[in-house]
Amino acid sequence: MKAELSPRTAVAGALFAFLVLLPVYTTATGNLFALTLFTRIVILALAAVSLNLILGYGGMMSFGHAAYLGIGGYAVGILAHEGIVSGFVQWPVALAASALFALVVGALSLRTRGVYFIMITLAFAQMAYYVVAGLARYGGDDGLTIQKRSQFIAPLNLTDKTQFYYVCLVVLFVSIYLVSRIVNSRFGLVIQGARSNDTRMRAIGFPTFRYKLVCFVIAGTLCGLAGALLANHTDFVSPAMMYWTRSGDLIIMVVLGGMGSVIGPVFGAVALLVLEEALSGITEYWQIILGPLLLLVVLFAHGGIDGLLQLGRQKVPA
Amino acid sequence: MSEPLLQVERLAKRFGGIVAADDIALGIDKGELHAVIGPNGAGKTTLIAQLSGQLRADSGRIRFAGQDITALPMHKRGQLGLARSFQITSLFLDLSVLDNVALAVQAHAGHSFHFWRDARSEKDLREPARAALERVGLGNRADRTASSLSHGEHRLLELAMALAASPRMLLLDEPMAGLGPEESARMVAMLRALKRELTILLVEHDMEAVFALADRITVLVYGRVVASGQPDDIRANEDVRQAYLGEEGHG
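So the protein lines, in turn, are chains A and B. Residues in the first sequence are numbered from 108 upward in steps of one, following the working numbering. Residues in the second sequence are numbered from 12 upward in steps of one, following the working numbering.
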């Protein structure tokens with residue numbers, strides 16, 4: 108790692124500085140809308156970072172990643188509904204439930220490859236969707252309003268919008284750091300080796316299945332945390348959180364931002380959600396503009412936004 | 012010499028009606044370069060697959076370094092010091108050349124559930140990997156992406172990955188396949204340098220290379236050993252001429 112200022116480090120630095128300083132601006136101007144928007148962006152960026160761990164580094168094309176958002180969210184929502192509002196209970200339950208779900212989905216889906224893997228992860232996510240939609244006690248289709256956000260010890264108060272934003276931001280930064288450690292560790296190299304050539308990995312003596320399964324569980328757990336944050340952010344959970352289009356959104360963020368780069372998904376989440384916000388202000392049919400933009404990125408910017416920022420520095424392999 | 016490093020007795024393997032290995036006996040001494048030749052479909056790759064543990068023999072015994080390994084799975088044989096290279100290049104093309112070899116080292120360094128330390132700065136992994144790359148002459152390519160190397164360099168990288176596990180014996184499946192004359196010469200020089208230090212079983216179609224390198228040669232035809240002996244004996248052997256050298260005219 109060179110210390111010189113590449114476009115990539117410049118943009119990443121500027122983005123992070125912007126994210127850190129945003130509440131200063133919103134507090135001064137009282138622009139709560141921007142704070143709410145960026146809280147949401149930070150949370151979904153966390154989900155995208157977790158998806159990137161399996162999709163970008165592991166080559167596991169999961170089409171059901173939003174399920175963990177829903178499971179993490181519903182863990183918080185259901186516990187709150189039952190009167191358990193302590194975050195020290197809610198959050199670990201959200202993580203454990205997501206991890207367990209990932210373990211089951213991974214154990215079955217990782218035995219398959221390609222289209223089958225995509226279909227199985229999608230099927231599990233849709234199953235989870237219909238299960239929560241059928242929970243009449245917890246609002247069923249209509250969803251469940253959360254009366255009280257997760258309680259932690261004073262002075263930490265998630266009801267305070269600025270505090271909550273910073274909690275999300277710290278969780279995102281810590282997660283990015285964790286993921287960057289993981290992908291460069293021995294474990295991370297095994298995961299990347301399995302993405303690159305699974306047969307050869309097994310031939311030189313790596314039982315790749317168990318490494319991929321552990322990776323799958325880590326990613327699911329991290330996304331469950333994003334779900335717990337999202338539930339607190341909206342004070343509401345509904346089956347829509349885990350609908351397959353949401354899984355698609357997360358994939359778009361990862362691909363748009365840059366697969367297999369630790370901060371790529373953060374670029375992707377910011378770009379997609381800000382664009383969505385800006386374009387929907389211009390026209391009701393904003394997706395007509397967004398679609399071709401995405402196409403251009405996929406066709407011409409291999410490596411997404413992060414790839415563009417590194418252009419000219421990296422020799423493109425033949 | 013006492014017991015050979017690798018000893019094969021009465022090895023047999025059938026795929027349906029096709030006999031891929033029929034009562035094969037082989038003894039390879041420590042430090043020997045033993046070539047296995049034979050026409051296409053003679054069962055050479057099947058033999059390597061059985062020795063490396065990729066295929067299980069139907070019957071017969073394989074002993075390596077005084078231990079019966081007939082029933083051992085592939086990765087256990089690797090741990091005992093038996094390494095193989097692949098006939099069809101099978102690399103991690105989007106990783107760096109050094110990463111490719113370092114993964115081969117890592118495969119023999121216990122489990123890989125280490126999540127924190129930067130594997131690319133671990134001397135235990137990188138130094139043996141660099142040494143293996145130096146040995147095959149790819150030291151200056153370490154940081155390139157594997158996909159950017161030429162076909163000849165890919166074969167050398169295959170060899171480096173086999174060497175990285177510091178094996179006692181190498182099973183090389185057609186290391187010269189698809190190489191140009193210059194690259195072949197480079198590979199021959201490389202194998203000559205590795206000879207003695209390592210025991211090598213070489214399956215190869217390039218007869219010039221085989222006769223230049225081998226201490227002993229075994230000729231397989233339809234899964235059977237037709238002849239086994241020193242290069243000069245093999246060249247003079249009438250059966251071999253008939254069954255293989257004259258008939259097929261490989262070279």
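No lab work stands behind these hints, which were simulated from the structure alone. Virtual Cβ for every residue (Gly too), placed ideally from N, Cα, C. Take the hints with a grain of salt, since some may be wrong.
[Said to hold, decoys possible] If you only want the chain B side, here are some residues facing chain A, beta carbon under 7 Å, derived:
| id | residue |
| --- | --- |
| 1 | L83 |
| 2 | H86 |
| 3 | D105 |
| 4 | Q117 |
Against the structure, the hints:
no.	hint	verdict
1	L83	12 Å, violated
2	H86	4 Å, holds
3	D105	5 Å, holds
4	Q117	6 Å, holds
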